[in-house]
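With the first letter of the sequence shown counted as 1, position 136 gets the number 482 in this note's numbering; the numbers rise by one all the way through.
No lab work stands behind these hints: they were computed from the structure. For clarity, every value in this text was computed on a predicted model and none was experimentally measured. Backbone N, C-alpha and C fix where the C-beta goes; we use that ideal spot for every residue, glycine too. Some hints here could point you the wrong way.
What the hints assert, rightly or not - For lysine-lysine, the following DSBU-like pairs were computed, each having C-alpha atoms within a straight-line distance of at most 35 Å:
#1 K485 <-> K508
#2 K384 <-> K348
#3 K471 <-> K506
#4 K402 <-> K384
#5 K502 <-> K515
As the list claims (entries may be wrong) - Label-pair distances were calculated between CB atoms; the ranges are:
#6 G474 <-> A499: 14 to 22 Å
#7 A380 <-> G351: 37 to 45 Å
#8 S453 <-> P382: 18 to 26 Å
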Amino acid sequence: MKRPGSWLAISLFLIPLFLIGYRVLRLGYPLLPASPVKAYEFMMEIFFEPTEGNGKEINIRAGLPESRSGQTIIEQRDLSGSLQFNLIPEGLNQIGIWSGDPERGRSLSYRATILINPKRVRKPKPPGPESFPNIIVDKSEEYLARRLVERYASLKPPEKLKAILSATKGIWGGTTT
């Protein structure tokens, strides 16, 4: 082992390369992520006490997430035990209804895994440059504007900036130092 640094560098390069190759080729993972998706887990627990006036029958309603554009529910789990669970669409929302006779326990829980796929908004293309704004309608104004600009058109950018600075100070004859 005359070059331990070289062996270390080679092994630190090859080990991750083999692990990535195993992950992509053997396990079937993509080399790069397909799309930027965020996953959230929604958990809800409800604790309740049945009233004596209704017997042991209960009826609990709660708003729950629903799949729609940009949002996908990939897994829903109802952990309510003996209660009957129904999902009812109501407009753009979804209502979960638990009903029945709770044999044991005084709680119910609901879990959902939600994938949020952000919408890619295209930036609007800025309008192209025009020779003159649409505000100018009089040809004499256009002529005046061309005359004012033509003597600065041949200047280099630093000299143009100096001329603009002096014009803002009210000096139209030349540049400031």
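Here's how the hints hold up against the structure:
1. K485 <-> K508: Roughly 29 Å separates the two Cα atoms, so the pair holds.
2. K384 <-> K348: violated (49 Å)
3. K471 <-> K506: Holds. K471 to K506 sits at ~28 Å (cutoff 35 Å).
4. K402 <-> K384: violated (41 Å)
5. K502 <-> K515: holds (20 Å)
6. G474 <-> A499: 14 to 22 Å: holds (20 Å)
7. A380 <-> G351: 37 to 45 Å: Since A380 and G351 have Cβ atoms about 39 Å apart, the given range 37 to 45 Å holds.
8. S453 <-> P382: 18 to 26 Å: Violated - the Cβ-Cβ distance for S453 and P382, about 36 Å, lies outside 18 to 26 Å.
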